[in-house]
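Peer 1: Model the placement of chain X with the ligands on the given structure of chain L, informed by the hints.
Quick mapping for you: the protein sequence lines, in order, are chains L and X. 1 is the number of the first residue of the first sequence in our numbering; add one for each residue after it. 1 is the number of the first residue of the second sequence in our numbering; add one for each residue after it.
Treat the hints with care, since some could be wrong.
Claimed, not checked - In silico DSSO-like pairs for lysine-lysine, Cα to Cα no more than 30 Å straight-line:
no., chain 1, residue 1, chain 2, residue 2
1, L, 263, L, 226
2, X, 249, X, 85
3, X, 18, X, 249
4, X, 173, L, 144
5, X, 27, L, 132
6, X, 85, L, 132
7, X, 18, X, 173
8, X, 18, L, 135
9, X, 173, L, 141
Stated by the list, open to error - These stretches of chain L come out as covered by chain X in the derived footprint (C-beta under 8 Å, 3 or more residues):
no., stretch
10, 52-59
11, 79-89
12, 107-114
Simulated from the structure, these hints should not be mistaken for laboratory data. Every residue, glycine too, gets a C-beta built ideally from N, C-alpha and C.
For reference, the chains in residue letters:
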Amino acid sequence: MYTVSDVIQALDLTKTFGKHTAVDHISFSVREGEIFGFLGPNGAGKTTTTRMLTGVIPPNEGTALVLGFDICRSPVLAKQGFGVVPETSNAYTDLTAWQNLMLMGDLYGIPRGRSVDRASELLRVLGLLERKDQKVQAYSKGMKQRLILAMALLHEPGLLFLDEPTSGLDVQSTQMILSLLRDLNQAGTTIFLTTHNMEEANRLCHRVGIIRAGKIVALDAPEKLKVAIDRVHRLEVSFDREVPADALAGLDGVLSANRTGDKWQITAENRDAAIRSLVTFSREHNATIVTLNTLAPSLDDAFLRLTREDHP
Amino acid sequence: MNPAGYSEQVRRAWAIAKKDIRIYYIKGPVLIFGIFMPVFLFLAFLMGSRQLPLAFLVSGLVGMTLFFTATAVSPAIFPWEGQAKTLERLASCPIMVEAIVLGDMIASTLFGIGITLITVVIGLALGLSLIHGITLLAAILLAACCFSAIGMLLAVPPTNVPSNIMMLSSLLKFPLVFISGIFVPLEQMPPWGLALAFCSPLTYFADLVRYSFTGSHFFAVWVDIAALGFFMVIFTAGTMYLHKRTMPKRM
Ligand SMILES: Nc1ncnc2c1ncn2[C@@H]1O[C@H](COP(=O)(O)OP(=O)(O)OP(=O)(O)O)[C@@H](O)[C@H]1O
Ligand SMILES: [Mg+2]
Numbered sequence: 001m002y003t004v005s006d007v008i009q010a011l012d013l014t015k016t017f018g019k020h021t022a023v024d025h026i027s028f029s030v031r032e033g034e035i036f037g038f039l040g041p042n043g044a045g046k047t048t049t050t051r052m053l054t055g056v057i058p059p060n061e062g063t064a065l066v067l068g069f070d071i072c073r074s075p076v077l078a079k080q081g082f083g084v085v086p087e088t089s090n091a092y093t094d095l096t097a098w099q100n101l102m103l104m105g106d107l108y109g110i111p112r113g114r115s116v117d118r119a120s121e122l123l124r125v126l127g128l129l130e131r132k133d134q135k136v137q138a139y140s141k142g143m144k145q146r147l148i149l150a151m152a153l154l155h156e157p158g159l160l161f162l163d164e165p166t167s168g169l170d171v172q173s174t175q176m177i178l179s180l181l182r183d184l185n186q187a188g189t190t191i192f193l194t195t196h197n198m199e200e201a202n203r204l205c206h207r208v209g210i211i212r213a214g215k216i217v218a219l220d221a222p223e224k225l226k227v228a229i230d231r232v233h234r235l236e237v238s239f240d241r242e243v244p245a246d247a248l249a250g251l252d253g254v255l256s257a258n259r260t261g262d263k264w265q266i267t268a269e270n271r272d273a274a275i276r277s278l279v280t281f282s283r284e285h286n287a288t289i290v291t292l293n294t295l296a297p298s299l300d301d302a303f304l305r306l307t308r309e310d311h312p
Numbered sequence: 001m002n003p004a005g006y007s008e009q010v011r012r013a014w015a016i017a018k019k020d021i022r023i024y025y026i027k028g029p030v031l032i033f034g035i036f037m038p039v040f041l042f043l044a045f046l047m048g049s050r051q052l053p054l055a056f057l058v059s060g061l062v063g064m065t066l067f068f069t070a071t072a073v074s075p076a077i078f079p080w081e082g083q084a085k086t087l088e089r090l091a092s093c094p095i096m097v098e099a100i101v102l103g104d105m106i107a108s109t110l111f112g113i114g115i116t117l118i119t120v121v122i123g124l125a126l127g128l129s130l131i132h133g134i135t136l137l138a139a140i141l142l143a144a145c146c147f148s149a150i151g152m153l154l155a156v157p158p159t160n161v162p163s164n165i166m167m168l169s170s171l172l173k174f175p176l177v178f179i180s181g182i183f184v185p186l187e188q189m190p191p192w193g194l195a196l197a198f199c200s201p202l203t204y205f206a207d208l209v210r211y212s213f214t215g216s217h218f219f220a221v222w223v224d225i226a227a228l229g230f231f232m233v234i235f236t237a238g239t240m241y242l243h244k245r246t247m248p249k250r251m
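For reference, chain X alone in the conformation it holds in the complex:
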């Protein structure tokens, strides 16, 4: 066994993920928040804009659910653990910072996927038909990884005060939802709105979900997938690099 080898580090990242799921995700309030927040957003939204078709709304709901759940808890994990000094324990264990970040990402990816599948089931129960199931699954998987990397990026500022980070991440997350074609179809957006939408990974995911439920799409499917993959790689590499640099400042 080479403790510093990739396979061993990935195995240790999985230990981190299991720990996260146990401590931070399988908690009543977190689960309830994860399920109810998108549902309520969606209901508010359904009452406000009756002229939009249900398929469009459900696509938006699935997009929001995945985005909010995959980024809900992870930004606060480092501040929490920094405060509780458990981060110091991890820092003295034979695990690289990259593997700790990977573990946190795996946990939020799994949480995001789990809750999102529930929303999909709700959509199906409301009578929607799923046209491209495989595409939807692939899209959820890819986007969950991408969004969990965003969640970890939000945790980069080395503060050990969880509420600061939660504030900052809400400040960044809500605007991102508004520019991503969830509330307004991309087709109805002004050019500057579209330009903004291109910069948000959520746009491509919402487009894929819409394609899966209705068969119509704004971008080609491969463009959506390539864009999500691109964002995922950039964000993952970026968050690992930045956390490696800021980790000592948390101690």
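Bound conformation, chain L alone:
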């Protein structure tokens, strides 16, 4: 199940708080070079899982191999290779941005000259260079979050954990962070991203894992999840002339056809077969197709379906 190129391998991770099991024997792996989205409703155990993976809290059972090191047995070696943007922003507010970054450099054993170069570069990219000598106390939420990201990236980690990095930020800060993440990933950084934002996960992630009440309920590429969630597919088609309804409904792969305005709403068991029949149909009836849309279920739909209490 696991290969050498898995950067994170969670093995039966379990965390209980008193009688409450926050994370319940979850196993999954994250491959090198991918952006892995970790989704789930509030209280599902996302942050708890992230904290176990990053060695902040010890699991009650199970363990995780992160960058090839057992996070429980060789925490320092594992931590040396990844960066973390935690759920709550935690720069030292009594220090300036620059001092926070230098502290990170020292804690990761980076030579001072290198730290200085990296810090200047990151502050520039994240638009904080002018405010670098100001205490973090005076920073806005978005500025703090960008600083935290810079602090996580100072030592050029090959793996980055982010716990809801864009929650509560405006469009500009969000875009700045997301585009930086995309660039980093392009350059080879593996990213483990916890988020509530389906749109963000949909656009950014290669694969997503959905956790509900401490258990993984789905693990796949966003597109496949969306498709898997709805057995019945919907298509929308319109022709340049009138076509008989029963002819459409009788097509191979088509379950039903209903007219709304000038369009036909088609439900299909097999999207591919339905589209092929529609094309053949248009040729046979000399009816040009004006529009043809596949109405994909959104990741939101998939998410809601998968995280509903009654879902198996």
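Peer 2: Okay, now just chain X with the ligands, sitting in the frame of chain L:
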């Protein structure tokens, strides 16, 4: 570079110490407290017991200064940082709990030594002569390490409420001063008092300071130094072991 090796971890501990000094020690109120509290205690004490010689009083003052300054701030650092979540950041960095504790100890050791040297200078300005300067320096160094370990031991209960810890540490620190031969010379103590005094590292430090200023002492110098060294090793090992265990409870 081996990130988990001792030399690298000690270097990272030094980064923690620098951070502590910047954030927690170089603050007006902390510095003022560090200097004034022992001075006022001493003045109160000077007026109350005029029959004791100045050399004895200054020795006590130096002992108290080092003890109170080296244990003043460090017990609250973990609760503060736990509350501010900066501790979570440290926990996700490649630094061992032992190295974080060491860093906090280094900072409080340096703070203690700095303020204590000021008190020594005050003593010298009051006309005292320093007979054994090297012994005094060695004693201050050793005792500062020992007391900063005590400061970190006081921080072991994993609460993130700084005032709880400050309360608890005052409750433990003041009695320790009273049993350590600072207010009453060891020679005048009843046997049960002496038995208590033996258990306090401050006793041996005060004895060394007194020796440095007056030449007289209760224990042999090597006994004092050995005792301080012993307490330092035990307390340092103990505080590192205990913090390693309680750290996850702070998250
Ligand atoms: N330190 C703690 N002590 C007790 N219970 C905790 C602790 N941390 C988390 N929990 C519980 O564990 C469960 C999972 O919490 P977690 O923070 O991992 O959820 P989450 O998926 O990150 O939620 P959110 O989307 O709101 O951030 C919750 O029921 C929470 O109450
Ligand atoms: Mg969370």
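Peer 1: Among the hints numbered above, which are violated by the structure, and what are their numbers in rising order?
Peer 2: 4, 9
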